[in-house]
Structure formats: structure tokens, C-alpha cells
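Colleague: Read off the chains here:
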Amino acid sequence: MRILFIGDFFWPLIGGIEVWSARLVTSMVARGHEIRVVASRSELQPAEGERLDGVSIERFDFRGAVESRRLDRFGEGLEGLKRVKRDFRPDLVHLGTVGWSTLFHLLSRDAWSAPTLLTLTQQRLASQDRAADTLLGRALGAADWVSSVSAAVLEEAIELSPPVAGRSSVDYWGMEAPPEPAPPALDPPRILCIGRLVPAKGFDLALRALPALAVAHPALSLAIAGAGPERSRLESLAGELGVAERVSFEGWISPERVPARMAEASLVVLPSRQEGLPVVAVEAAWSGRPIVAADVSGMREVVAHGLTGFLVPAGDQDALARSIDQIVGDPARARGMGREARRLAARRFSLSGMLDAYESLYERLARRTMDARA
Amino acid sequence: MLGPDARFSVRGEEVAAKVFDDEVVVVHLGTCTYYSASGSGADAWTWIEEGRPIGDVAVALASRYGIEVERARVDLDRYVARLLEEGLIAPANGEASAAATPVSSAGDREYAAPELHAYRDMADLLALDPPLPELDRPAWRAAGDDGTSVPPR
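So the sequence lines, in the order shown, correspond to chains A and B.
Residues in the first sequence are numbered from 1 upward in steps of one, following the working numbering.
Residues in the second sequence are numbered from 375 upward in steps of one, following the working numbering.
Next up, chain B with everything else stripped away, as it sits in the complex:
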């Protein structure tokens, strides 16, 4: 288990991340692998990115989702191990960011263990049949004299 004071930082030169509502989207710029995490995973990412110690992140998760701190720690350790394995974060030194996000303690949000989804095939999908860049007229419309744009049936 990680020590409660362990902190991490996002590997900023290689990794970009952005939170959209309840979801964080992460991209490894070198491999074009995309990742996403929602709910507790997005929360944990945000707090880890702020440089909070793991012990604090676990307490915050427990408070927000109304679960035992121990359970949050176990799930969080697994999550952090995955983030490290993917090269998205690295151990950090120094003080936490001053602008830490306040944690609501409603405790009524449905809990699911933080989970990182990876999408390793995005680069290959982008390389599939490209669209036709050489078309110089709107396709399908050109065939009709009346300007209608109806696909063949």
C-alpha cells in the first residue's frame, strides 16, 4: 500500500488531461492513446493532479461517496498503480497546489471503484481510409440537374 503522504504529478510533457463534467479525458501525446475515467475516477484524478497526498484523496473519496476510508484506499491504490503503469503520473516532491478543489461531503453519490478506460486503437482508427480530399464538388448533388441531394436507393 502507498504511504498516506505519497503524492503524484501528471507527466505534463507527455500527458494532457481535461475534466468535462463528471468525466476526465486523458491523452498520452506520444502514443495517441486516449483514456477516460468517470465518477470517482475523475474525482481522484483531479485531486491527484492537484498534488494532494494519497491519504487525503482517500478521505475525500470516502466523504463524497459515503464509503469506508479503508475501502477507498484499496481502490485508490489500484487506480494509482494503473495510472503509473500507463505513464500518466509520476511520484512528486514538494508542496501540494494551493488551489485545491473543495470536496463536498454529501456522501450520497453512488460509488463505483475508480476505473481507467484506455483506447489504444485511436491512432489506427485515424489511419483508416481517409476521406476523399480531392473532391472538388459536393458529391451526389452534382448528378442532379435540379440541385437536389438525394442518395441512391
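The shape of chain A in the complex, shown without the other chains:
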């Protein structure tokens, strides 16, 4: 089957969607499908013509065109995407997210007729308070099937566009099981946060939780792995809070190293203000680590409160500190939570489960179109 995968950003950029996208398309190639990726150009794009595990990637300046508000820059992306559609003649178009690339897909729909599968990965924005007159609304309306990485995200989409209820499913992120990790060690307690250093991730709340925790657990440390525009602000905040000596900023770590890095941690903390269903939480569960996370959107689908970790109200640094303290102060409970987290991951977030689900959707949607054409 020929599948055209369209996304905003793609490998080698790092983020939950980018990791998931690359994992999906390369695995689908391994299953015998022909995949072509179209993504927005970025400064980190590989050399011209570079492929990722048999996947051909074409990039156009979708983001730059939209951001600049210069329509003379639209031509390259629009004509380029039309050309790809006509040349590749996909059996199905898979939109990996709703973003600026989606606008170009909608504007080039006449170039080639194929069913569209839309994957929802993020929460609805405040500006998307109604389906009409938004890109999300139009994308939901135009998609033949909507797959969401989270039940909570899908609920929001259905609230926005009720007809989606009849043509949608929840298909969780999946990843191959990392090797069975050692149980979490708590002496000394090591907290790990991973993600882009942007306000939505709420790493400032993790820092603010530290002074209270440090009183009860003098050896406790926090590692923040990731890169982004908030780094200097977070470093300053650690200094202001008097916790700089127990905080390390590790910068970006490659996705391959994430399981090993998590295995060194006692627990993983996700204090996000906004999320869909974070890949980091899935990785933490697979790594057998207790998770303390903000109760936003799909987080409760990967964190079973009281069983695999704790959910706390978003933005509540005191609740965050109390929950971390409960885990750090009870090694037996921490080990039990780690075991349960891995069991939950195996049930819900397996790579084969994700691939089977998408493959089934691909075949069902493509067959429907072939039958209609016949």
C-alpha cells in the first residue's frame, strides 16, 4: 500500500510527535508498505535526498510560508505537495498532526483523490472553541477517519465536531519494550524530567517543589533533560529558589538513550500545563518508573493514580511535592508502582499493537475507496 504521511516537523527534530512519526513510518516500511513523508522544512533537515530507513522525505517551507504571511512563499509548498500527490498516487494520506502542513494538504486535495486519516496528538487550543472557521475544524470535517493518541483528546474533538464520533478511534502511542529495568533505587532519590524546555511542560513547577522536598530528603536531586528556549529562565529560577546545586540541566538526549537514562532515575515527573498524551510518560511506564504527573488531558490514560504513580492538579507545586514525597519516602511502594507501570505499558502501549491498529485502518480506508471507485 502506498501511504503519504504529512506532518509539520519530522526526524531529525525531536519531540513526541516527531519520535512517534519516525517510529511509525519506518515500521510500516518494514511491514512492506511504501511510505513517502512530506514535512515542513527545518534548519536541522538532512542533506538533500536523504532517506530514513527506506522512507523518502520531501520538505517544503510550510511553516515559513504561514508564519511570514507572505503568499508568494506559498507556491513552493503548494505546488510541491501537489506534485508529490500526483507522482506518488497514494492509496491513503495520513496526516500526522493538525498544523500548517494540514492547510497545504487541504488546499491541494484536488491534486489527487485518496482517503485521509488524521491523527490527533494534542489538546484543543483555546482559539478552537468551535469547529467552524478553524483549521482543526476543517481537518476534522475532511478526514475519513480520526485516530487519537488519547481518549481525552478524542473527547475534545468530538465535543468540537460531533460527527467525528462515528468515524474515530483511540490508537495509543506504541514503542518496543525496552529491556526489563532494575527496580527504582531511592538512595539517593533522583527525579527526572524530560521534554522540551517550553512553558507548557511546567518544569518550573518541578523546581518550585524542590525546596520543601529538600528538607525531608537532603540528598534528593532533579535532572532536567531537554533543550528549548526556557533553559536560561529555569536555570535562574533554580538559583533564586536556592536549589541550583541539586539540579542538573542535561540538555537534549537522543531517543535511544531515554530508556537507559530513565533506568537511572528513581521516578519521572511530568508537571505539564498542557499535553495530549506525552510520549515521555509512555517511556517512563515502559521503564518501570513511578510517575508523578499533572492531571491534564490524556495523562490519566498512562498514569493510574495510586497504582503506577500520582496525578496532581495542573499548576499545583505543593501537591507535586507531596506526591513526590510519598514515593521517595516509601521504597516498597515505589518499586510496586514501577512494576505496575510497566504492566500498564505492555497492555496499552506496545509497538505491535499500534502498528496493527494503523495497518488495519489503512487497509479499511483504502479498500473503501477502491470499492467506491469500482
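Hint data in this document are derived by calculation from the structure and do not stem from the laboratory.
Cβ atoms here follow ideal geometry from the backbone N, Cα and C, with glycine treated the same way.
All clues stand as given, with none of them false.
Which stretches of chain A does chain B cover? Using the computed rule of at least three CB atoms under 8 Å from a CB of chain B, they are:
hint	region
1	69 to 83
2	88 to 102
3	117 to 126
4	135 to 143
Using the hints provided, position chain B relative to the given structure of chain A.
Modeller: Leaving out everything else, chain B in the frame of chain A:
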């Protein structure tokens, strides 16, 4: 109903528009709201932008799509009202542009009433998690010694 001699101009200081094949893309520069219209909507935009009177635009639509002029007028009035409401065009005075696009009168194109699609969430989408600007090496490739670039499974 608008008078047949009513004409409009694109609010050029705040609005940019460009036609791509059968589609017009419009952006309100102040709000970063994008718009699109295809088929009859793109045609109507082009003719309105040229300063043609509404009556002429309706006749041209009717001719191109093989529909009654009255029907074209009703649909066109609704479309123009939306363009005005969005602040994309304004009533114009003076003569029409000399370089008016010729109208084919094949009358065999499938007609759908001109419709303006708005995308009001583009600015917020652009503000979502930015890419990582501080990476100083190609991600994922750095982990392998052999230079392969394979994502984790």
C-alpha cells in the same frame, strides 16, 4: 440585495491574496487569519478584486457555471457579505481595472455556491511547542557510531 453597480476593492494594507490554480488564498495580515475559497469563490474573488461591478460578476459566474443569473446573484451577495464582515474587502469608487480577466463561458463546470473558509487558529498553532533551536548536531544520528540514522523502535 447589493446594487448591480456596486464594486469593491481588497483592503490592500491589511489583506494579501493570491490565486493558485482553482483556489484563492487570503491572509489578514493583522490577525494572521487565513482564508481560502475554491471554484466559484476563487473566480468571484478574482473578478471582485479587479473592481468589476457585482452585476457583472454574477453574469460571469452564471456564464461560467451554466446557472441562472438570479441564483448567482443570491449566492454572490451572501459571499460578498461574508468578505465584508471579515474585513477583506471594502466598497470602492472609481472605474474598474482595465485588465479584467476574460471569462470563459463554457458553462460546463460543476457549480457550488462560493464559500469562504476561515482558519482562525493558525497563529496559535504557530505558537505551539517550537522546534528545538539549540540543537547543535543532527539528532538521532549522533548516537550511532556508524553514522546510521535509525529511530528507536
